[in-house]
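Given next are the chains, with one letter for each unit.
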Amino acid sequence: MLSRRDLIKGGLGGFVAVGSGILLPKLALASVDPELWGTAVKELPGGALESAVLEALPGKKPLIKKTYRPPNYETPVKYFNEVFTPNDVFFVRYHLANIPEINPKEWRLKVGGDSVERPLEITLEDLKTKFEQVEVVALCQCSGNRRGLMKPNVPGIEWGYGAMGNAKWKGVRLKDILNKAGLKAGALEVVVDGADTGVAAGTPDFIKSIPVWKALDENVIIAYEMNGEPLPHWNGFPARLVVPGWTATYWIKHITSINVVAKPFDGFWMKTAYRVPLGKFPVVERFISQETAVNTPITEMVVNSLITNIKDGQAFRLGQVVEVKGMAWDGGYGIKMVEISIDGGKSWQEAELGKDYGRYSWRPWTYRFKPTKKGTYTIMAKATNRIGQTQTFELIWNPAGYHHNVVQKISIKVL
Amino acid sequence: MKRFVTLMVVGVFALAFAGEEKIKLKDGKGKELVEANCSVCHSLDYIQMNSPFLDKKGWEASVNKMIKVFGAPIKQEDVGPIVEYLYKYYGKKE
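For the record, the sequence lines run as chains A and E.
When you number the first sequence by our numbering, it's gap-free, plus one each residue, and the end is 415.
When you number the second sequence by our numbering, it's gap-free, plus one each residue, and the end is 94.
The hints are simulated quantities; they were obtained by calculation from the structure and are not laboratory data.
Please note that a few of the clues may not be correct.
What the hints assert, rightly or not - Here chain A is said to cover these stretches of chain E; the calculated rule only asks that three of the stretch's residues, wherever they fall, bring their Cβ under 8 Å from a Cβ of chain A:
(1) 35-46
(2) 50-58
(3) 61-70
Because the structure is a prediction, the values reported are computed rather than measured.
Beta carbons: idealized from backbone N, C-alpha and C, even for Gly.
Please take these sequences and the hints and turn them into a complete structure.
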């Protein structure tokens, strides 16, 4: 019998047979069913596997608990077989632990700042009745999704694949609200704050800004509904910002204020956090007023994909058709193609793309093949978007662990 | 017990996060100090989750970030023993 330490040392090279199936060494550490993680389980730090448990927040189904306070919960991969991620399994991510329950009757959204002509105060009723109501299907993905797969490891929430979810968001265009308030010449950034705060007095409040040009994009909305229902408390009730194409750091939950300013906002969560090295990622939409000589705020999501329906090590019978399914997404240019390899990357064939729910939604895809020989098949999926960007084979490591879009590998056995 | 008292002081919202009382850090010198200080702002699974890949310098940087960036009210004389515990029980040796 190997000790835990031996198992860790064994790394990925050593397989350990357990019961009827074959488990990789670190799986022995996992406190939750390894299948819920997908292939991420092979790469996550041992402590992240050991400390995770399957637990339900009020109003949610059991999710993979990363941290209790502030609450950070990951969605198991099996739920990503559906285009719309159900609200009760949608991932939860907070930076700050003081999260008030908001009474929707008392909630107010204050719109102001030195670059606004007429400050406004909007009630939930106003939001639902005094503006044009719009809907957008968009993927909400944490900047640090898959951080736990970074090598070398990066401290933070050690996410596997599940810090993301796709939903139909309903609300009001931010542009319509800003136009009602009136923007002055020189308006540069739109600063957004939510109701959650830190515990220690000195903890910087989680406040984000977006450039005015992005705020005026017709797809950016203040959403009060998600998949036809009010937002769950843990996903920003009663209203949140939705910035389709950009990572979830900008999607401020429990939104309380919008301030339009003429100078770059210099709060910690803009100036220091959520930054990537300048020029390291192929990004079109840049946040120029926040850039420095060395780094830039993270903006749009990089093109990516995930295999959702098969398990690593899964066995198939010779003659049986193997169906590989998954999702592909990007920062809003739209998915052009998903290529599949069944031979570890030597050759590639195109998958069939499923229904298109718009360029900010992820796109389902399917690939079927009938293995002609027994043995191990290494399956890979690689997405390409309409502007020709594709996933990376080599990790683009960065100090905060963002934008992980390394082509995934899953091995199956044909018996 | 010390940790529980700390949570009480922090306020109702800290107690609202059911489940974290189940977290058990490894026994060793400095554990109580770590529990009392770190759990003011966050649950202790943050420590477990970020292991075992930080070396001593890595844990030191994390503790200092908590103080300088997030305003954690940690006494300067407690930093050394906290880092020592985190490195010894949740750090990368080599």
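Hint check against the structure, violated hint numbers in rising order:
none
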